[in-house]
Structure formats: C-alpha cells, structure tokens
Amino acid sequence: DAKTTQPTSMDCAEGRAANLPCNHSTISGNEYVYWYRQIHSQGPQYIIHGLKNNETNEMASLIITEDRKSSTLILPHATLRDTAVYYCIVRVAGQAGTALIFGKGTTLSVSS
Amino acid sequence: EAEVAQSPRYKITEKSQAVAFWCDPISGHATLYWYRQILGQGPELLVQFQDESVVDDSQLPKDRFSAERLKGVDSTLKIQPAELGDSAMYLCASSSQAGTGELFFGEGSRLTVL
Numbered sequence: 001d002a003k004t005t006q007p008t009s010m011d012c013a014e015g016r017a018a019n020l021p022c023n024h025s026t027i028s029g030n031e032y033v034y035w036y037r038q039i040h041s042q043g044p045q046y047i048i049h050g051l052k053n054n055e056t057n058e059m060a061s062l063i064i065t066e067d068r069k070s071s072t073l074i075l076p077h078a079t080l081r082d083t084a085v086y087y088c089i090v091r092v093a094g095q096a097g098t099a100l101i102f103g104k105g106t107t108l109s110v111s112s
Numbered sequence: 001e002a003e004v005a006q007s008p009r010y011k012i013t014e015k016s017q018a019v020a021f022w023c024d025p026i027s028g029h030a031t032l033y034w035y036r037q038i039l040g041q042g043p044e045l046l047v048q049f050q051d052e053s054v055v056d057d058s059q060l061p062k063d064r065f066s067a068e069r070l071k072g073v074d075s076t077l078k079i080q081p082a083e084l085g086d087s088a089m090y091l092c093a094s095s096s097q098a099g100t101g102e103l104f105f106g107e108g109s110r111l112t113v114l
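Chains as they are written, first to last, in the numbering used here: chain A, 1 to 112; chain B, 1 to 114.
The hints are simulated quantities; they were obtained by calculation from the structure and are not laboratory data.
Take the hints with a grain of salt, since some may be wrong.
[What the hints assert, rightly or not] Quick list of in silico lysine-lysine cross-link-like pairs, DSSO-like style, CA-CA up to 27 Å: (1) B:Lys62 <-> B:Lys11; (2) A:Lys104 <-> B:Lys11; (3) A:Lys3 <-> A:Lys69; (4) A:Lys104 <-> A:Lys52; (5) A:Lys104 <-> B:Lys62; (6) A:Lys104 <-> A:Lys69; (7) A:Lys52 <-> A:Lys3; (8) B:Lys11 <-> B:Lys71; (9) B:Lys71 <-> A:Lys104.
With the rest of the complex left out, here is chain B:
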C-alpha cells in the first residue's frame, strides 16, 4: 500500500539552529499539506501545495518557516532559527484530485528544541 514518507522521524536541535523536514507524498497526489501538532492538540495546517504552487500558507510563520515543493512532487519544510516553542510533531499529508479527496498522512517528524 502506498504511503507518505517523512524524514527524519525524530530530530533534536538547539534553539537558533536550522532544521529541515522532508516529505514524499503518494505518487500522483497533486495536493500536499504540512501540519504542526503540539502535544495534546489536534494538527494545525501550516501550508498547502497544489502541485508546486502554494495554495494556503496563511498560518505559516514566515519569519522563520519556509516550505517548497519545487517539482511538484516531494517537499521540504524548513525552520530557521528554531525556537523552543517549535517543539512539536510535523505531519505531512497528501491527497489526490480524484475521489473524495481524503488525506493520507505520514508518520510525522517529531522535533524537540532544547
């Protein structure tokens, strides 16, 4: 069964350092999402791509976060510099244009900022 791949699974970094997360969606899925999930809360949308274009990045803290999907396939989410409050699970999801558009999520990347 096709899956959304994410790496790294776990990342520990010190504040002010740069960190990057990678996501490879299910093949053929045009829409890609990055969510952030703080412990005890539901996932919060950070950015949404349609192919290589950003559809919604209204909740992305653009002073320190950036996201790209250059060829419309895999995507990278970067944080620079990391802050203590960025400690969270970063989830990637993808969906196709066909069908009911359900989202398929990866296992997530857990970030701890010290």
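Pulled out of the complex, with its shape left as it was, chain A reads as follows:
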C-alpha cells in the first residue's frame, strides 16, 4: 500500500471547519483513500473513503485532488467530540480482507 504523510497535530475552534490534509503521492490507480479516527481509549472508527471524486456523508467530506496525490478531510462544524487522532490510509478497495496499515495520524484538538 502507498505511504501517506499527515501533519502530527492540528488545532480547531469549536464550530469552525476542520480541514485535515494528507499526502499520498505514490498512490496507485486502483487504491482508495480511507479515513479513520480514533477517540481516546477507543478503537478506530471508519469515517469515509473515496477513489477520485469528492465524497460526503453524515460525518465528513473528502476532497481528493485531480492528480490524486493528496486529499483533505473536512469536518464542517467541529465539536469537542471530534477531538481524536485521524488516520489517512491508502488501500486497494474491493479486496475484502485487506488489512489497514496505519501511520501515526493527525491529532486534532478542538477547543471552545
């Protein structure tokens, strides 16, 4: 799987949008970008994934650049409960049973 690069930490004010960047310059054509987050002392939780089109669900939006070498996870109105470590992972989708390879992620701190 391609390697990803994320900032170590980010801060965000409550109610503002949190934009978490991820670089994946060696991504292959059949690899998707997945985002998971891990709230303190809990297991990781799936947020969203995409191939090349922008995606949105009830939790977040995912913006992938046209060359697919980077992406941004957007939490439109961050709350204190969004404080967590966010992991950007590149993985071939459709291959059910492919393990996720985690990096260190970005620690997002949301403050009031």
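With the hints as your guide, set chain B onto chain A.
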C-alpha cells in the same frame, strides 16, 4: 448496531505470566484482525484470519504470541510469557467479504505488564 466485542477491557499482569484476550466479531464477518497499539503510535497488524485460517501472521512474535479462531467465529490472542514491552492496547477488528471491506473495530483490551 452490530459491534465487535472484546474482553477483558483492562488487564494488569506481572511479567512472565500468561494472558489471553477474546474477540467476537460482527456476525457474518469472515475476516478478523488483531492489532497492537503502543501508546502514541498507530495500530500495528499482528495477525489476520480468513474464516479459521491464518492469512497473515508475519508480524506476530510467535515465540510468545499465539492466536486462534477455531470455528471461524470468535478468536483468542494469547501471550505467554508476558514481557514489559507487551504493554499496549490490543484491538480486534472484523470485515465482511462484501461491500468496500471497511474494518469495524472493537473497544480494545488494554494490557499493563508490571
């Protein structure tokens, strides 16, 4: 909503003792994973099962760790003997063969070795 169940939630043991963790995946999920997460780092894959078969255990320290999924449903991860460096969160996850194959994680078992 279906969840991955893990127990115990917390375990404190002394070094050289044996310890075991249990995981019950979401019903129908054929693939089961055990991850280890040291404080401040991302989860690291230890072993992956497809039904009752091991798919990948290349990162499992086989001299002291063992994992089994005898009937292809729940799974046990054992450490014997435990060492100080084994202190970590042990996470279990499962995924189905259908759909996009996203992983669902349990709450984890936090091990402290004294």
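Q | Violated hints - listed by number, lowest first | A | 9
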